Each structure stands twice: as C-alpha cells, then as structure tokens.
Amino acid sequence: EIVLTQSPATLSLSPGERATLSCRASQTISSYLAWYQRRPGQAPRLLFYGASTRATGVPARFSGSGSGTDFTLTISSLEPEDFAIYFCQHRSNWPTFGQGTKVEIK
Amino acid sequence: QLHLQESGPGLVKPSETLSLTCTVSGGSISSSDYYWGWIRQPPGKGLEWLANMYYSGSTYYNPSLKSRVTTSVDTSKNQFSLKLSSVTAADTAVYYCARWHRIADSFDYWGQGTLVTVSS
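Chains as they are written, first to last, in our numbering: chain V, 1 to 106; chain H, 107 to 226.
There may be inaccurate statements among the hints.
Facing chain H, according to a computed beta carbon distance under 7 Å, are these residues of chain V, among others [said to hold, decoys possible]:
hint, residue
1, G16
2, P40
3, P44
4, W94
5, P95
6, Q99
FYI, nobody ran anything at the bench for these hints, they're computed from the structure.
Here the structure is a predicted model, which is why all the values come from computation and not from measurement.
Quick reminder that beta carbons are idealized off the backbone N, C-alpha and C, glycines included.
Could you build the full structure based on these sequences and the hints that come with them?
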C-alpha cells in the first residue's frame with residue numbers, strides 16, 4: 001500500500017501570503033495524485049487531479065506540481081476563503097489519502 | 107450542479123449494522139463515466155476509503171473492511187447505500203459519499219458528510 005505523507009500538519013499564514021503544501025508518496029506514483037480542499041461544514045472539493053490539472057472552477061492562484069514521489073500544492077496569495085484543510089489522494093489498488101494540512105490564519 | 111447528500115442514523119449501538127444512503131441530484135447515477143463511493147474520517151484520524159460501486163452493481167471494497175461492508179445501488183431513486191455490520195466504537199466517524207471519476211482517478215463531487223457515532 002502506498003502511503004502519502006503531508007507536511008506540514010499546520011501552516012499558519014496571513015491573507016496575501018504564499019502557501020506551499022507538500023505531499024510525499026512512499027513509492028513513485030507518476031502523476032497520479034489529486035488534491036482536495038475541505039472548508040468547515042462544507043463538502044470536500046476537488047482542486048487538482050493528475051497532479052497539476054486544475055478542476056472546474058478552481059481559481060488560478062492555486063497550482064499543483066510534482067511527479068514521482070514529491071508533490072506540491074501552492075496557493076500564490078491566500079484569500080480568506082482559502083483557510084481550510086487540504087489533503088492529497090492517490091489510487092493504487094484503492095484510493096488512499098494523506099493526513100491533511102490545515103492552513104490557518106496567523 | 108451535482109449534489110450528493112448522505113442520510114441515516116447518527117447513533118448506532120455496538121454490534122449493530124450502520125446503514126447510510128446517498129441521494130444524488132443534478133445528474134444520473136447511471137453514467138458510465140463514474141463510480142460511486144464511500145469514505146470516512148474517524149475523529150482525529152485521516153480519511154479512509156471504504157468502497158466504490160458502479161451503477162450496474164460492480165463493487166470494490168477496502169480489504170480491511172470487506173467482510174463487514176455491503177453496498178447497493180438503486181438507479182430508480184438515484185441513490186446508493188452502505189451497510190457496515192458489527193460496528194464498534196472504532197467505526198465512529200464522519201461518513202462521506204462521493205463520485206469517483208474513472209478518468210481523473212479522483213472523487214470529483216462529495217457530500218457534506220454525516221457523523222455516525224457508535225455508542226450504547
């Protein structure tokens with residue numbers, strides 16, 4: 001089973017700052033990685049699939065990159081609605097998820 | 107816009123069966139491009155995939171739970187369901203239903219989730 005490790009667990013930033021979130025796979029997974037956002041009380045939202053393909057309606061300030069074992073989700077300038085939990089996901093034999101990174105207001 | 111909504115009891119007794127239904131609106135559950143899945147998140151823990159099912163009945167289960175999980179699809183009601191038997195406190199979690207995109211290898215729409223507590 002492929003394990004996804006996200007870091008940091010918590011990221012404390014101010015609006016307007018740049019956020020860089022990491023997801024590392026225990027084995028190479030090519031570009032088969034998705035990123036999601038979960039705001040309190042809301043349904044999780046798909047942000048990226050295929051590591052860097054933006055899902056419908058995702059703002060351009062979000063970008064996904066990486067391949068192999070190391071992946072990054074970047075938010076270029078944090079908006080108030082971006083403070084949320086972000087998690088990555090891969091499907092090897094079955095879907096597995098990272099533990100999540102909480103982006104909180106500093 | 108696709109919408110998924112989980113429904114079911116919020117409290118289940120130990121050793122009993124947890125039953126949840128996901129109602130899909132804004133799109134057909136009978137599309138060949140998607141699977142329909144269940145994911146859960148216990149308090150303080152990460153997300154765990156439980157099952158994916160196709161509208162025709164094909165199903166895929168998490169091996170760690172396979173002996174306790176049963177799923178079904180009702181295309182006439184645009185619903186799919188999850189049953190988890192012999193529950194314990196470890197099954198306390200927020201349960202999500204979601205749509206699995208076969209090409210994107212990801213869940214592209216999710217329900218808001220429903221908290222199920224296992225307690226006597």
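Quick rundown of the hints versus the structure:
1. G16: Constraint on V/G16 not satisfied, violated at 29 Å.
2. P40: Check failed: Cβ of V/P40 comes no nearer than 11 Å to chain H, outside 7 Å.
3. P44: holds (4 Å)
4. W94: Check passed: Cβ of V/W94 comes within 6 Å of chain H, closer than 7 Å.
5. P95: holds (4 Å)
6. Q99: Cβ of V/Q99 sits 4 Å from chain H, so the hint holds.
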